[in-house]
Each structure stands twice: as C-alpha cells, then as structure tokens.
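Peer 1: So you can see what is in the structure, the chains are spelled out below.
2 protein chains.
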Amino acid sequence: MNAVQRDLLQAPAFAFDGWSSAHLGTIERALSRWVVQDAPAGLGEAMRYAVLDGGKRLRPLLVMAASEAVGGTAVAALRAACAVELIHAYSLVHDDLPCMDNDVLRRGKATAHVKFGEARALLAGDALQALAFELLTPANEEVSDATQARLCRLLARAAGQQGMAGGQAIDLASIGRNLGEDQLRQMHRLKTGALLQGSVLMGAACGQLSAQAEEALSAYGAAIGLAFQVVDDVLDVTADSGTLGKTPGKDAAHGKPTYVSLLGLERSQQYAQELLLQARSALAASGLADTQALLALADMVVNRAH
Amino acid sequence: MNAVQRDLLQAPAFAFDGWSSAHLGTIERALSRWVVQDAPAGLGEAMRYAVLDGGKRLRPLLVMAASEAVGGTAVAALRAACAVELIHAYSLVHDDLPCMDNDVLRRGKATAHVKFGEARALLAGDALQALAFELLTPANEEVSDATQARLCRLLARAAGQQGMAGGQAIDLASIGRNLGEDQLRQMHRLKTGALLQGSVLMGAACGQLSAQAEEALSAYGAAIGLAFQVVDDVLDVTADSGTLGKTPGKDAAHGKPTYVSLLGLERSQQYAQELLLQARSALAASGLADTQALLALADMVVNRAH
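So the sequence lines, in the order shown, correspond to chains A and B.
Residue numbers for the first sequence, in this note's numbering: 80 to 385.
Residue numbers for the second sequence, in this note's numbering: 80 to 385.
Any given hint could be a false lead.
Same chains, same names: a pair is fine if it fits in one copy or spans any two.
Here are the simulated lysine to any residue pairs, SDA-like style, with alpha carbons at most 20 Å apart [unchecked claim]:
#1 LYS194 / MET179
#2 LYS188 / ALA384
#3 LYS194 / PRO177
#4 LYS194 / GLN291
#5 LYS188 / ALA318
#6 LYS194 / CYS178
#7 LYS194 / ALA252
#8 LYS135 / MET179
#9 LYS188 / LEU137
#10 LYS194 / SER253
#11 LYS188 / GLU107
#12 LYS194 / SER360
#13 LYS194 / GLU124
#14 LYS194 / GLY133
#15 LYS194 / GLY366
#16 LYS135 / HIS385
These are calculated hints, taken from the structure and not from any lab test.
Just so you know, these numbers come straight off a predicted model, no measurement behind them.
With the hints as constraints, model all of the structure from the sequences given.
Peer 2: Quick look at the structure:
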C-alpha cells in the first residue's frame, strides 16, 4: 500500500450534516444582515418575512458547494448564494398572489399577501429582485468586476424570460391543457431548473474552471433541476401539508400537468433516481476533486421528504 | 474678435429636435430588437406591449445625453438606456395592477393586465426587470466588465428598496394620510427621482468623469427627478386624458397627497421652475463642455404638456 492509497482509506467520509449546518448558519446570518428591516413604509418587514426563517436554502447551498468545488472566492460565493435565494423568495411571493396560484400557506406560514396585503407583497417581490443584483455588485473591491459582471449575467438569464419567468408563463398557459413529456420537461427546465442550474453555474463563476468542468457542472445542474421538479410532483401527491409546509395536491386541483399525472407515481419515482445517476455521472466526468458536497446535495434533492 | 469668439458666435444653436429624434429612433429599434416576441407562452407579446410604441423615453434620452457629456461609449450607453426603460416599463405594469392603482388606461392604450390578464402582466413585469440586467451584461466584450458591474450596481440601487420600489411603498402607505412637504419630497425622491437620477448617473458611468462632474450630474439628476414629479402633479389637475395618455385626476381621487394639494397650483408651478434653475446651475458647475442635450432635457421635463 502506497501513501496515496493509505490516505484514501483513512480519509473520513464526507460529513454533509456538518458542512451544511455550518453553511446554513452563514447564509442565514448574511440574509438577515442584507435584507434590512428599515426599507421604507414596512417594505423591509415584508421582504424579511418572505426571505427569513424558512426554506431549505437548497439554491444557496448549491452555490457554496459549486464554488468550493472550483476553489472559488468565499465572499463572492456568499453574495451569489444570497442573491439566488432572494430571486427564489420573490418568485414564491409573486407565485402565491391571488392572480397566480392564490395560495395562503407557504413554508408553514401565511403567505406574504395574506400577511401584508397584495400591494405590499407585490412590491416586496419587486424589491427583492432588485436587491439580488445589488448584493452581486458591492461598491467596495471585495468582488472583482469580472466576477460581478459574470454573476449578474448568469442570474439575469436564470431569472428571466428564458429562465424562471418564462417557465412560469408556460405553467400559467398550461392549466387545464394536456402537455406531452417534452413540453412538461421544457416548462420545468425553465421554471425550476434554470435557477437551480444557475446556482451551480454562479458558484462555479466564483472561481476558475476548465471548459470540461463547466460543461459537467452544467449537466449536473440540469439533472438536479429536473429531478427537483419530478420529486416535487411526487411529494405533491404523497406528502401531507404538515410535512410539506405548503398546500399539497394543489397542482392536480388546479388542473396543472405533473410528472405523476403524465408518467404515474412509480415511473416518476424511477425517473428521479435516473436523474440522480445522471447528476453523479456528470460530477465524475468533471475532473474536479472536491465534489462531495455537490454529490450530497443531489442525494438530498432526490431523496428529500419535503 | 479672436478666433475663439468668432467660433462661439458662429456655433449653431443646439438642435435638440434633431438630436432627440435621432436618438429616439436608435432607442426604439434597440428596444424592439432586445425585447423579443418569442419569449414563451405569450410572455414576449406582453413584454413588448408594455415597452414598445409609447412613452416619452425620457430616461433613455437622459442616459444618452449624460453619456455624451462625458464622452461615454455609445454601445454601453444604448444598453443602459434600454435597461432603464425596461425598469420604468415594468414599474408601470405593476403599478397599474388592480391591487395597486387599478388603472385601465396607460399611454393611450389599455393597461397590460386589461389586455393580457393579471397573471401574465405580473410575469411580464418580473421578466422585464430581469431583462434589464441581462441587457447590461452582454457575454461578448463590447462593454467592459468594470462598466457592466457599475451599471448593474447603479440600476439595482435606483430600482430597489432605497429607490423606486421603496418610493412606491411609501406612496402606498400614504394614501389618505397628510404628508408634510419633506415627506412628500422623500417619497418622490425615491419613487420617481431615483430612476431619473440613476439614468443620468448610468449615462455618466459609460465614460470617465471627475468627482466634480459626477457630483454636479448627481445634483442635476436630483433636481429634474423632483421637478418631473411636481410637473406630473400639476398636469394631473390641468391636463385632460387625451393629452395625458392616462387617467387624469386619479391621484386626488385616490386621496394621495400631491404637490398641488400641498402647495397649491401656482406655487407648484413656481417650484418646478426653481428646480429647473437648480438643474441648470448644476450643469454650469460641472466643468463639462457638452451639456446642451442635458439642458434641453431639463427644459422638456419642466415645460412638457403631458
């Protein structure tokens, strides 16, 4: 046995719980510091309500994990992580509005418009989107101009018409219609997948990486982005609202097409596992050494209970 | 008479009409090219409806004029000009929604939610905000990383909680309340002024300028930002809907405080002229040579009929 083999055998298994709780603490503190209470006329209160004390922080963790995999700058990664979460939070606030899903329960709490009224919820969402780009562009020199520009570019594309907002428009137009699997996949690739994949790419943009690694991380992000939605659809029929923290069964009730309605429950569960394998293969092909956190996050996405 | 004096006497008066119609043509073509029809599920159609064929394009013209005053890069200025207009357009779409001002007429047309439904109008606004930041961050190298980062920074701050969105929150909270002049000014400084001032600063960020010039342009932007709102309040009581292109008298009808309700009509008109003088003085103190377009735009803001 040579020294390298001995080191490999002695290397401790990656401790995801420790990794994730340390990073979650950092993320929560940063969000609480950056989403300030004192925005005018109660706007800050509504923004904080929409962002803090809830959520799995999957997107920020993906940013951190991808950044670490490429040896990225921690201060840039933390800003990117929080910016992505603000976009996610704003999308939930707007998605819950009466003119959209008209939902009253989110992360186990009253939705923002129930708590603050529709107008202030709308504005809080708008302000959260702007704040995301504010976080990415600090005026001091702690993040290089090149990284700031790259992060804004990736986030704007992931959030916009060819990303999350576009996917929501397809979702809206699909109510009560029969979509084929290709159309359903395209909808989710934009609606949920773009921001999850964007999180991975933004983390990667905090460091340097080869074209091979970038392609692999992009494929990883696409696979877990789709898997996330497949699992969401599965949980929407198998979980109760206490576990889920939101109203279950609402997609079916709204006549929205889901993977379960298209493929059935069992085939959907299989599909999620296939996507997990795709994500793992992509990481194996990345040439990156430090991908344990990304691996663990892919597992979490597919095997979560809520 | 020396050569310089002779040149000055022979210099033609600045032809604002020609300047502005040339730039308006460029801006309209760029907006039409960048706000694409083929965003998913009718989203592009709603976005184009909200942006094209209407509006004075004051903010884009301010960007162009400020950029020219500092010898800025034309390609960066055009992107900045369109980005600011997208933020303005999205704010109008959201502002017109039933949960906000519930307005049915805008720029002489049905408002976006009347035409496309509330949900698609909401999403179109969200996507326009993202697209603004997309325009500022082209992946090719036509705009430097430093300029991209600076433009995103300025736009995010002008649009967000300490800018436009914050001002709208104050506006919302002020309905039916008596505001003092200081509070009214603070509301408008954020709600309308931040994006107008931001337009000037973004134009300036497309070139190089001294600290003195930056301060002067900032003061110019603040003065016309406030003047714009004072004139808006005046026109809200003096103009008819045909001239205005939107429903007049609605602020008073909604119980919103205005400069006219606070200062009276005549004093409000005087105040607008005082702000015009402030804007002119700031330009005179800027040390910049080429400020005719900025001067003409200040005149336009104060002396417009709609």
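Peer 1: Checking an output row: LYS194 and CYS178, CA cutoff 20 Å. Within, between, both or neither?
Peer 2: both (16 Å within a copy, 15 Å between copies)
Peer 1: At most 20 Å between C-alpha atoms: does LYS135 with HIS385 qualify within a copy, between copies, both, or neither?
Peer 2: This pair counts as within: shortest intra-copy Cα distance 9 Å, inter-copy 49 Å.
Peer 1: For LYS194 vs GLN291, is the C-alpha pair at or below 20 Å within one copy, between two copies, both, or neither?
Peer 2: For LYS194 and GLN291, neither the intra-copy (47 Å) nor the inter-copy (46 Å) Cα distance is at most 20 Å.
Peer 1: At most 20 Å between CA atoms: does that hold for LYS194 and GLU124 within a copy, between copies, both, or neither?
Peer 2: within (11 Å within a copy, 33 Å between copies)
Peer 1: I want to check one pair: LYS194 and ALA252. Are their C-alpha atoms no more than 20 Å apart within a copy, between two copies, both, or neither?
Peer 2: For LYS194 and ALA252, only the inter-copy Cα distance (15 Å) is at most 20 Å; the intra-copy one is 28 Å.
Peer 1: With identical chains, the pair LYS194 and MET179 could be close in the same copy or across copies; at 20 Å between alpha carbons, which is it: within, between, both, or neither?
Peer 2: both (17 Å within a copy, 16 Å between copies)
Peer 1: Between LYS188 and ALA384, at a C-alpha cutoff of 20 Å, which is it: within one copy, between copies, both, or neither?
Peer 2: within (19 Å within a copy, 49 Å between copies)
Peer 1: If the cutoff is 20 Å on CA atoms, where do LYS194 and GLY133 land: within, between, both or neither? Let me know, please.
Peer 2: Close inside one copy (15 Å), not across copies (36 Å); limit 20 Å.
Peer 1: At most 20 Å between alpha carbons: which applies to LYS194 and PRO177, within, between, both or neither?
Peer 2: Classified as both; 13 Å inside a copy, 18 Å across copies.
Peer 1: Given a CA cutoff of 20 Å, do LYS194 and GLY366 count as a within-copy pair, a between-copy pair, both, or neither?
Peer 2: neither (48 Å within a copy, 51 Å between copies)
Peer 1: Between copies, within a copy, both or neither: which fits LYS188 and LEU137 at Cα up to 20 Å?
Peer 2: This pair counts as within: shortest intra-copy Cα distance 19 Å, inter-copy 43 Å.
Peer 1: Under a CA distance limit of 20 Å, which applies to LYS188 and GLU107: within one copy, between copies, both, or neither?
Peer 2: within (18 Å within a copy, 45 Å between copies)
Comparing the model with each numbered hint stated earlier shows that hints 4, 8, 12 and 15 do not hold.
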